[in-house]
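Participant: Its first residue numbered 57, the sequence shown is counted upward by one per residue in my numbering.
Derived from the structure by calculation, the hints contain no laboratory data. Note that this is a predicted model, so its numbers are computed, not measured. The beta carbon of each residue, even a glycine, is placed where N, CA and C say it ideally should be. One or more hints might be untrue.
Computed spacing ranges between beta-carbons, pair by pair [as the list claims (entries may be wrong)]:
1. Pro224 to Arg154: 53 to 63 Å
2. Asn123 to Ala324: 40 to 50 Å
3. Lys299 to Ser392: 43 to 53 Å
4. Thr316 to Arg150: 15 to 25 Å
5. Lys205 to Phe241: 44 to 54 Å
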Amino acid sequence: MIMAEQQKETQPAKQYRRRRRQPKEKQRETQTAGPNQPGTKSIATSVIVPLYNEEGSIPELADELKNVLGSMGAPYEIIFVDDGSTDGSYKLLRDLHRSNKRIKVIRLRKNYGKSAALSLGFQKATGDIVITLDADLQDDPAEIPALVKELKKGFDVVSGWKKRRRDPISKKIPSRLFNFTVRLFTGIKIHDFNCGLKAYRNEVIKKIKVYGELHRFIPVLAHWQGFSIGEKVVQHRRRKYGKTKFGVTRFLKGFLDFVTVIFTTRYAARPLHLFGAIGLVCFFTGFFIDAYLTIQWFLGNITLSNRPLLLAGFLLIIVGVQFFAIGLLGEMISRSQQVDDEYSIRDILD
């Protein structure tokens with residue numbers, strides 16, 4: 057009887073000691089885990105590298121990234137997104153992944169473009185801070201700590217500025233014209249929208265949607281979601297391996313994507329403001345033209361049978377009505393497809 061009571065008294069103490077011992081075991085496992093075993097701690101920095109046929113630069117870039125990120129003293133991951141490379145890029149990436157589990161690889165079946173590669177990388181990234189850079193070694197990984205430091209000043213996005221570009225003039229002039237145009241129409245005061253070296257808070261990349269060729273306009277998309285944008289001068293290096301993917305078709309694609317961004321950021325939720333304004337201008341222009349001609353006809357100053365301007369006035373009135381109708385239809389579609397996450401919320405205090 058006495059022994060049974062003693063067992064009942066000692067049993068809870070044993071259970072209590074087991075519960076207390078559990079965190080120590082977990083802590084010991086974390087301390088003994090190898091450096092290439094992610095998951096033991098939350099990832100602080102994710103680096104996303106989209107690439108296409110860059111087998112010459114991959115080993116050197118991987119070494120630079122490991123050295124820089126390792127010196128920062130926080131858990132990290134490197135995500136290479138192979139955008140359908142036809143050279144030996146994937147073989148090199150596979151070997152890097154086998155030797156270091158912090159290096160992750162996504163391989164696409166065909167070349168979808170940089171925006172698609174970045175979008176997949178954004179979905180995979182788990183770090184509190186996300187860095188993007190190109191794989192051609194023109195973006196210097198040594199700039200990553202400075203970008204992170206700038207981000208911690210309170211910005212949500214920090215874009216690199218290649219103030220001294222190591223590119224031919226055939227790329228410099230179009231780039232300056234592009235940046236000037238985007239800066240003029242968006243009001244965002246940064247100098248290099250197309251720089252591949254950028255730093256983001258994780259909430260930014262999970263909020264914005266990148267498709268087509270919209271990777272150039274990520275700061276614009278983030279700005280219109282209410283995120284703060286900063287800029288940092290970064291070093292730009294000459295290309296060492298391979299050839300540039302820059303082509304004439306990028307001008308046309310860039311212009312069309314710029315129109316897309318302006319429409320989706322400013323008028324997607326209020327299409328009547330755009331189409332209605334165009335419609336009103338056309339309608340009243342045509343109305344005043346025909347009103348003037350009608351008054352002149354009543355006064356006997358002109359005849360209308362040989363006045364093509366009269367037909368132009370009627371055409372403008374019809375076009376104005378059509379634009380206004382398109383705006384109304386757009387409003388109806390916009391209202392019917394509203395979603396709960398339409399607004400970007402920073403904090404909620406209950």
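Participant: Each hint should be assessed against the structure and marked as holding or not.
Facilitator: We went through each hint and held it up to the structure:
1. Pro224 to Arg154: 53 to 63 Å: Since the Cβ atoms of Pro224 and Arg154 sit about 38 Å apart, the hinted range of 53 to 63 Å is violated.
2. Asn123 to Ala324: 40 to 50 Å: holds, 43 Å
3. Lys299 to Ser392: 43 to 53 Å: Cβ of Lys299 to Cβ of Ser392: about 48 Å, so the range 43 to 53 Å holds.
4. Thr316 to Arg150: 15 to 25 Å: violated, 36 Å
5. Lys205 to Phe241: 44 to 54 Å: violated, 31 Å
In the structure shown, a violation is registered for the earlier hints numbered 1, 4 and 5, in ascending order.
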